[in-house]
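Novice: Spelled out from the first residue to the last, the chains are:
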Amino acid sequence: MKTIYILWLRQLKRYFRSRARMIGSIGQPLLFLLALGFGFGPIYQKAGGGDYIQFLAPGIIAMGILFTAVFSGIEIIWDKQFGFLKETLVAPVSRLKIMVGRTLGGATVAMVQGVIVLLISLLIGFRIQHWSLVPLAFVFMFLTAVLFTAIGTAIASKLDDMQGFQLIMNFLVMPIFFLSGALFPLEGLPKALEIITRLDPLSYGIDGIRGTLANGSHFGLGIDFLVLTSSTIIFLILGSYLFSKIEI
Amino acid sequence: MTDHEKIIEVKELTKTFGTFQAVKAISFNVDKGDIFAFLGPNGAGKTTTIKMLTTLLHPTAGSIKLNGFDPQTQKNDTRKSFGIIFQDPSLDDELTAYENLEFHGVLYNVPKALREKRIEELLKFVELWDRKDDLVKQFSGGMKRRLEIARGLLHHPKILFMDEPTIGLDPQTRNHIWNYLKELNKKEGITIFFTTHYMEEAEKIAKRIAIIDQGKIILEDTPEAIKKQTQKETLEEAFIALTGHQVREEEATAKDQMRLHGRLWTKR
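Going down the list, the protein sequences come from chains W and F.
Take 1 as the starting number for the first sequence in my numbering and just add one per residue.
Take 1001 as the starting number for the second sequence in my numbering and just add one per residue.
Simulated from the structure, these hints should not be mistaken for laboratory data.
It should be emphasised that the depicted structure is a prediction, and the values quoted were computed from it without experimental measurement.
No residue lacks a Cβ here, since even glycine has one placed at the ideal position from N, Cα and C.
A couple of the hints might just be wrong.
[Said to hold, decoys possible] Simulated restraints on C-beta separations:
#1 W/P175 <-> F/E1009: 47 to 55 angstroms
#2 W/I26 <-> F/P1111: 34 to 42 angstroms
#3 F/E1224 <-> W/Q163: 49 to 57 angstroms
#4 F/E1224 <-> W/R21: 51 to 59 angstroms
Whenever a hint applies, use it, and build me the whole structure from the sequences.
Specialist: The structure is reproduced here in structure tokens:
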């Protein structure tokens, strides 16, 4: 437990000490909220969708979590390059514990990020519909955070340098975000797009957050929870496996 | 302490990266309480050997016994037995000096009170106590090195591995650190296994020396015996006589090669 705690603490310290990273990672969600929220707002209203900010905010909260979580997982590449990973790998601690500590740390950081975006969206007009469901929303946020930190860890275990980072951003993180229903409703989509959104685990995270904080869950909260939990478990196992295979 | 108590036993140890044989069936023993120098030109296989001894790499063939444990199957027992100072820096730049040591102490399960006492002692010894709350990224290369040495000793290991520990240190610091290590070796019987490119350092400090070149051990003996056998005045001359004058590939290219092989290897 103590080792998991110290690994968790390290991730948090690194995050809170890097002000540039905090500000940088708030900038993007803020831009999306303002530009898309107010830009598409009138059209969305005319189409009969209601308040677009109300729809968009949960998607952007999940986006903040997604980016921070994947990035936290990918940080292992830095640790490889700066040598710190060796220090943890020769210690008499199982790789599983290292992976769990890091993942929980990264997920906590991503969770903090999500809460910051939630507060920002409250400032620009987002209204929480069911305050009693807020704890449940936090559960969905945390599951999303753990899931994508584990995915980041799994990928980073296979990479040696940051060259692959752009590739991951453009071919994995961006598609996961844009094809998740963060920006548009999942009702009445073309068949192909519908299938893709159903395969995207982020869809369920966003749907869960939207269903608890705002109105209208598309899949149903039960399904959201089930899919999210099972994919989190799968990627935790995969991440642990790949992490345990690292040789340096 | 008997002469026959072996703390490191290596038999026919081999490591292959793709088609490149980095270490070729080497065998050697290190007695408990010895100071053992592992010398060789760049790319000779020193670091690869240390990585196998310290559970970071799986040997392709051969066997290792470290403090009686097999690094492949008894990882945790092996890891508790040694401390290591890596060739490349391995500190967390975003943490303070104190936090780096604390992190290490927790991972090695050193109880809190003892941990605090030892961290203070060690930081004072490497003269970093007044900088304990500064982030490591503000430190110079020499200060980082000193901090790493302090960290390697924090859990009082039975064996201390040091891969070119004194690189980039001034003679004063080098002396200071070696005096402390010799003291520790004498008082606590800690076994020291190190690599270096400073031949006079190896000659002065090591009780036994193994010279490795192109993945093979070409000689293993006391410094005096090596000089005698090669009929040279100094270890440096003996070393050059044994390994030739040819300048070796830079370490970086050797490492790149390894990385490339490693990548091909993992992709299968």
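Novice: Determine whether the Cβ-Cβ distance between F/E1224 and W/R21 falls within the hinted range of 51 to 59 angstroms.
Specialist: holds, 56 angstroms
Novice: Honestly, do W/P175 and F/E1009 meet the 47 to 55 angstroms range at C-beta?
Specialist: Check passed, 53 angstroms falls within 47 to 55 angstroms.
Novice: Look at the Cβ atoms of W/I26 and F/P1111 and judge whether their distance stays inside 34 to 42 angstroms.
Specialist: holds, 41 angstroms
Novice: Could one say that the CB atoms of F/E1224 and W/Q163 fall in the range 49 to 57 angstroms?
Specialist: holds, 50 angstroms
When the structure is compared with the earlier hints, no violation turns up for any of them.
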